[in-house]
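Residue numbers (the numbering used here), protein chains in the order written: chain A, 4 to 385; chain W, 4 to 385; chain F, 4 to 385; chain X, 4 to 385.
A few of these clues could be false.
Copies of one chain are not kept apart here, so a pair can be met inside one copy or by any two copies together.
[What the hints assert, rightly or not] With a cut-off of at most 16 Å between alpha-carbon atoms, the simulated EDC-like pairs for lysine to aspartate or glutamate come out as follows:
| id | residue 1 | residue 2 |
| --- | --- | --- |
| 1 | Lys301 | Glu290 |
| 2 | Lys142 | Asp311 |
| 3 | Lys236 | Glu278 |
| 4 | Lys298 | Asp162 |
| 5 | Lys5 | Glu31 |
| 6 | Lys5 | Glu49 |
| 7 | Lys45 | Glu31 |
| 8 | Lys298 | Asp311 |
| 9 | Lys234 | Asp171 |
| 10 | Lys234 | Glu163 |
| 11 | Lys298 | Glu278 |
| 12 | Lys374 | Glu105 |
| 13 | Lys234 | Asp162 |
| 14 | Lys348 | Asp58 |
| 15 | Lys348 | Asp162 |
| 16 | Lys236 | Asp171 |
| 17 | Lys301 | Asp250 |
| 18 | Lys173 | Glu112 |
| 19 | Lys352 | Asp162 |
| 20 | Lys350 | Glu215 |
| 21 | Lys236 | Asp162 |
Just so you know, these hints were derived from the structure itself, not from any lab.
Each chain is listed here by its residues.
4 protein chains.
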Amino acid sequence: MKLGMGLVGPGFIAAHHLDAVRRLGNVEVVGIAGSSLESATKRARELNAGRGYADYHELLADPAVHVVHNTTPNHLHREVSLAALRAGKHVISDKPLAATMEEARELYEAARAANLAHVVTFNYRGYPLVQQARAMIGKGKIGPAVFVHGCYLQDWLTDERAYTWRLDPKLGGASSALGDIGSHWCDLAEHVTGARITAVLADLHTVVPVREVPATSAKAFTGKATKGTQKRKITSEDLATVLLRFDNGARGCVTVGQVLPGHKNDLRLEVNGREASLAWRQEQPNELWIGHHAKPNKVLTRDPALLDPAARAYAHLPAGHPEAWADAFRNVIADAYAWIQGGAKPKAKPIALPTFADGYRNSLVVDAMLKSHAAGGLWQPV
Amino acid sequence: MKLGMGLVGPGFIAAHHLDAVRRLGNVEVVGIAGSSLESATKRARELNAGRGYADYHELLADPAVHVVHNTTPNHLHREVSLAALRAGKHVISDKPLAATMEEARELYEAARAANLAHVVTFNYRGYPLVQQARAMIGKGKIGPAVFVHGCYLQDWLTDERAYTWRLDPKLGGASSALGDIGSHWCDLAEHVTGARITAVLADLHTVVPVREVPATSAKAFTGKATKGTQKRKITSEDLATVLLRFDNGARGCVTVGQVLPGHKNDLRLEVNGREASLAWRQEQPNELWIGHHAKPNKVLTRDPALLDPAARAYAHLPAGHPEAWADAFRNVIADAYAWIQGGAKPKAKPIALPTFADGYRNSLVVDAMLKSHAAGGLWQPV
Amino acid sequence: MKLGMGLVGPGFIAAHHLDAVRRLGNVEVVGIAGSSLESATKRARELNAGRGYADYHELLADPAVHVVHNTTPNHLHREVSLAALRAGKHVISDKPLAATMEEARELYEAARAANLAHVVTFNYRGYPLVQQARAMIGKGKIGPAVFVHGCYLQDWLTDERAYTWRLDPKLGGASSALGDIGSHWCDLAEHVTGARITAVLADLHTVVPVREVPATSAKAFTGKATKGTQKRKITSEDLATVLLRFDNGARGCVTVGQVLPGHKNDLRLEVNGREASLAWRQEQPNELWIGHHAKPNKVLTRDPALLDPAARAYAHLPAGHPEAWADAFRNVIADAYAWIQGGAKPKAKPIALPTFADGYRNSLVVDAMLKSHAAGGLWQPV
Amino acid sequence: MKLGMGLVGPGFIAAHHLDAVRRLGNVEVVGIAGSSLESATKRARELNAGRGYADYHELLADPAVHVVHNTTPNHLHREVSLAALRAGKHVISDKPLAATMEEARELYEAARAANLAHVVTFNYRGYPLVQQARAMIGKGKIGPAVFVHGCYLQDWLTDERAYTWRLDPKLGGASSALGDIGSHWCDLAEHVTGARITAVLADLHTVVPVREVPATSAKAFTGKATKGTQKRKITSEDLATVLLRFDNGARGCVTVGQVLPGHKNDLRLEVNGREASLAWRQEQPNELWIGHHAKPNKVLTRDPALLDPAARAYAHLPAGHPEAWADAFRNVIADAYAWIQGGAKPKAKPIALPTFADGYRNSLVVDAMLKSHAAGGLWQPV
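Excised from the complex, chain A in its bound form (with noise of 0.2 Å):
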């Protein structure tokens, strides 16, 4: 049987999630819910995605749909994945799972109680290379981990003249470079090096601190200026160094920032070993650095016969035919539909998945940071 998908929130992100789930080949597009039926209708027309709903009220109702893709503003995502769980919907949901950390976990909770598939999009897991990394530090390849340190640097909101949602407090959260990159670098640093983050140290800043907004808020990734614009004071992080202490002993620490420019999505993560080193970049993803101290370093390309059989399956192309973004969206999509097609018993779930523990784990991890800079730079257990 054909799995039927529902959408809910067609923004920027949506097209992507259609995108993942089209190419799986085995799961029907029913239909996509926004703010009004005129609006939901126009967009799935325009993305070829089914029907349009007048709400999400009425997708969660139809039986057709099996799967939620929760693609709403931050501030909507716990009412929505609340309610789909409630209508007995599986929920794929964008990160931050909640606006809160509390939030966050009634949303777990929720999940885990309604033995529904739980997911949230912690999509950079999806990458061949992230799970060769992964692979290899869980096989003691680099010897035991001694410091994980990286960046998720971004330019995007250099302009004083872009503005999104997410610098809002109240639609974006309290945090918004932290919330909304940081949080990848954190479920990535923890997925990676199978260590938790016990202790954080966090230096905000807002580098920007009044910004143009419009009339009407912007989308995300874009800078132009609008007509009627009017100055807005941002309290958000826009840049944030923290320092982070591990379960395992491993020190780390890693800088997040939007406003950095030259940078667009400039996430790297580097694990350093008592025997060697593993280096990932999100934007060059099909090579992955290996240092050595007393030999040679290596570049190891996402090749599939050179790969770690658990990373392996998430490569569907011979060396040297990069895989990209879409690709390892698609792979956790993927894993999501494996879980469901197969009862999304908790057992089952592939590895690699993230779902709401993550999520929730990951709030607590953010919070956390915000806790320590709120007390100026003091040292947060999470």
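Given the coordinates of chain A, assemble chains W, F and X onto it according to the supplied hints.
Same frame as chain A, but now just chains W, F and X:
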């Protein structure tokens, strides 16, 4: 109305045709034909690809199929494509268009006469930065082109136990490396520069003159030894360098090889103009190097905000979110179906879309290379 | 008149001081002093470095010596430099200026009072593209700096059998990695930005807490095991991350480590301004990355024709002819001797030349880092 | 005893000869000869290079001069080198050895008969990783070589207002780009592989057929327009591609050009063997890429601890402390003086040191290229 697609030849590349078609969202995968009903049905199930047909004749007779993807081995291209055109189907054929230049012309003429869409998958055209390079050159941004050079290097035939039907002139055509991958480079060079290769001087070589061949012919991209191998003399080239002359006065050079350790799918194209240079690598497809004489060189990222309008339509993600092989392939297939949806009128063909005209053109170029080499390395007009 | 130079402390780095001095063409290498007349004479012969002295006192008493290079181990810096100043010699000292902040101040004050040239070899300032970055920032080319970050990573202490006197607080000072290489990074960050670090928050760690130490102390940069080793507890840090605040409002972060496999001498500095970013790597010193938000990033090669006049004087070869570590070192030494030739007047000091003032300043910064860590990771003013 | 060196031809490159010689520490710079006593004296002062001579005859007559560096323009190489040999001086000559193949043979034979050291500055041999590549290939680490390819690309002649005496056949020889820089590549290819080029097929082109020439001939590497220019027809090539055959059965290809925007001094050499590949770039000289078919590729850093003993002697700094052009040049000069110190016996010649034999050999290769092109692009034996 949804167009229906059928596929003939369910090998390695078939899955990627299906993937590209599915991402369009408005095409129905009707079914596939292979060597038997049983194998086709089995493969159709594996690939979520509709029904299986007993043979390609049955597929062509199905009125639900509007577009035929021809992914058969090279020596069957002509037969299947011709039959499809006669059956009134639009045809999307893998390259090379046919086994010989004469067959290629026959196909091109048949397609032109049929008033049907005819497409050859020179898929590297689908990369946004390839279109960017084409647009920049077309608009004079680098001045008159003076040198066009590059390579297409692989290593999967390095091991003498690796074998593929492409090395058998009866199945793969007279040329191996040039026909298989050199053809891609030549198409790209002409497409990007807007100039035509007018003469070639080729130096071909067979680095591995004897291979261990399994009883049953190995699939492409596998180098595993099988029981019951036998030695086979190889006459097709696995390494070639070709000097080029273009109709705009530019000189050129390309090296093609499949036995060069460490190179996976290393296609590089550089065009030097009087004002600037452009260089692009398929393995790092999100970067276009722009070389200058008296100012700093630039690295143009695949950033939709910075692309020429002609290239922007081929980019689907914000800067820093890399796109890759499958995304480029999808772009070519999307252009093909857009053309078909609009009636497949010659004048409406998307500029970037490669057709049987290009496939025929390409066979002329490769044929001239073989002639040049056969003559002992003399300049051969195309 | 040719200036005469004498060198005290003929270890690893001595050869590079001699090399730099020789390249000037107008300095006479008079001789060297070590631990005995015999060893100094032997080493002088090996290095073609004039005569050997019985001890540094004898060298300082030689009127043919005008400039003293102090390349002794850290714990002897103060004693030798002070004696040289008292003997009326110009002093070029390796960093750190002295073992403690108090000694550093003493030296700085002594040098200032003596009306002699006083130089500390923060040699990375001598790279042409470091001067280019400084010039660009000084002229406002990147707008106000908002973030200054980077690292200085090595791996030569990865092996627990590696040992150096730098790890012994009595010989190397309280700090190891920070004092040894972090100091270089801090000097560079302040020099390039023209801003001062006003506060630090440091997290130090000793990854390898026990080392096998040879009976006789190993030289730097050798990790060979020797007969007759013994275990020694290590208290100095071999890994550190420090958060920074600058007097222009910029934030910063630096990681320093000497146990990170694959990193050889990986000093990186990036400065993000409101208009553009600059990034430089010591291991690829002929390239300066210029990041932009709304136009393509650039890679500025060390091309004399494209450099700021302030940087051009430090470039000696045409573009594409790489310059490197020894050339940068020579530039610092050349500035020092040019200053000395001109009378060593304070106002005539070449801007790029690091003096005892910078050495003292640097000791304040490193000292604040140690205090911050000792306090459990609190912000510490410099 | 200190050897005395004298230099004839105090242009751009002279300063680098002096620099290399000074770094040896045991050579005395005696003086230089140019076009007049006045100019030589002035230049000697500028360069701290001893005394000026009225002409090269006077320099050769000075018994204090043991070694003559011939850095005159190409058309004077023969005359000066022959006179130096006749005067009993060891000779270090810039390449090309002479203006024609016949003259090159004459010089080679004169040098051999004279029992004096004879060196040609194919300086790229002096890079440690070039010697590493040579050692690895010699020891069979990459298996039999099958393809040798690369380029030497520059852009300093891009502007039609750039001019150099190298473009005038009477002063620079019949060939421009090939003789000037292609010669370096050919020497390197033969030296690194230990194989000889046996046949060539060359395609030469003059991209800029007319140049604006200043009244007084411009120095190399300056492209400034001067008052009173005149148009001059250019017949020498500024772009060339050459197919190669080696005596070990390997094929090859090299492109040489000086009008390709963005390429500064872009010499690249790659050797593909049956077991592995090696690739080296002059602009990133501290990295050697090692390509593998069935395991990850490596990047060997110039790390003395990892180098072959034959290469280690050419590395002077620890890994990560980059060495570059001047260091490689010094290595060649150091080998030359070590040979001379030891009596310049033919059997004692350092293996890496290029001699007049290599210079003559090189002229044969370039001459064959010119002949091949003149014949319309036919294979020409060397």
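Now for the hints, and whether the structure bears them out:
In this assembly of identical chains, the alpha carbons of Lys301 and Glu290 lie at most 16 Å apart whether taken from the same copy (10 Å) or from different copies (12 Å). Only within a single protomer do Lys142 and Asp311 lie at most 16 Å apart by alpha-carbon distance; the minimum there is 10 Å, versus 32 Å between protomers. Proximity of Lys236 and Glu278 under a CA criterion of 16 Å is satisfied in neither setting, with 48 Å inside one chain copy and 21 Å between copies. Taking the shortest Cα distances, Lys298 and Asp162 sit within 16 Å of each other only across copies (13 Å), while inside one copy they are farther apart (45 Å).
Taking the closest pair of Cα atoms, Lys5 and Glu31 come within 16 Å of each other both inside a single copy (6 Å) and across two copies (15 Å). Proximity of Lys5 and Glu49 under a CA criterion of 16 Å is satisfied inter-copy only: 14 Å between copies versus 23 Å inside one chain copy. Within a single copy, Lys45 and Glu31 get their C-alpha atoms no closer than 19 Å, and across copies no closer than 21 Å, so neither meets the 16 Å cut-off. Taking the closest pair of Cα atoms, Lys298 and Asp311 come within 16 Å of each other only across two copies (13 Å); inside a single copy the shortest separation is 21 Å, beyond that limit.
Only within a single protomer do Lys234 and Asp171 lie at most 16 Å apart by alpha-carbon distance; the minimum there is 13 Å, versus 56 Å between protomers. In this assembly of identical chains, the alpha carbons of Lys234 and Glu163 lie at most 16 Å apart only when taken from the same copy (10 Å versus 52 Å across copies). Taking the shortest alpha-carbon separations for Lys298 and Glu278, only the intra-copy value of 11 Å comes in at or below 16 Å, while the best inter-copy value is 19 Å. Taking CA atoms no more than 16 Å apart as the test, Lys374 paired with Glu105 passes inside one copy only; the shortest distance there is 14 Å, against 37 Å between copies.
With identical chains, the CA atoms of Lys234 and Asp162 are at most 16 Å apart within one copy only, with a shortest distance of 13 Å there and 49 Å across copies. For the homomeric pair Lys348 and Asp58, neither the shortest alpha-carbon distance inside one copy (30 Å) nor that between copies (41 Å) is at most 16 Å. In this assembly of identical chains, the alpha carbons of Lys348 and Asp162 never lie at most 16 Å apart, being 47 Å within a copy and 45 Å across copies at closest. Taking the shortest Cα distances, Lys236 and Asp171 sit within 16 Å of each other inside one copy (10 Å), while across copies they are farther apart (51 Å).
Neither within a single protomer nor between protomers do Lys301 and Asp250 lie at most 16 Å apart by alpha-carbon distance, with minima of 28 Å and 33 Å respectively. Taking the closest pair of Cα atoms, Lys173 and Glu112 never come within 16 Å of each other, the shortest separation being 24 Å inside a single copy and 56 Å across copies. In this assembly of identical chains, the alpha carbons of Lys352 and Asp162 never lie at most 16 Å apart, being 42 Å within a copy and 39 Å across copies at closest. Taking identical chains as interchangeable, the C-alpha atoms of Lys350 and Glu215 are never at most 16 Å apart, the minima being 49 Å within one chain and 46 Å between chains.
In the homo-oligomer, the alpha carbons of Lys236 and Asp162 lie at most 16 Å apart inside one protomer (14 Å), although the nearest pairing across protomers, at 51 Å, exceeds that limit.
In the structure shown, a violation is registered for the earlier hints numbered 3, 7, 14, 15, 17, 18, 19, 20, in ascending order.
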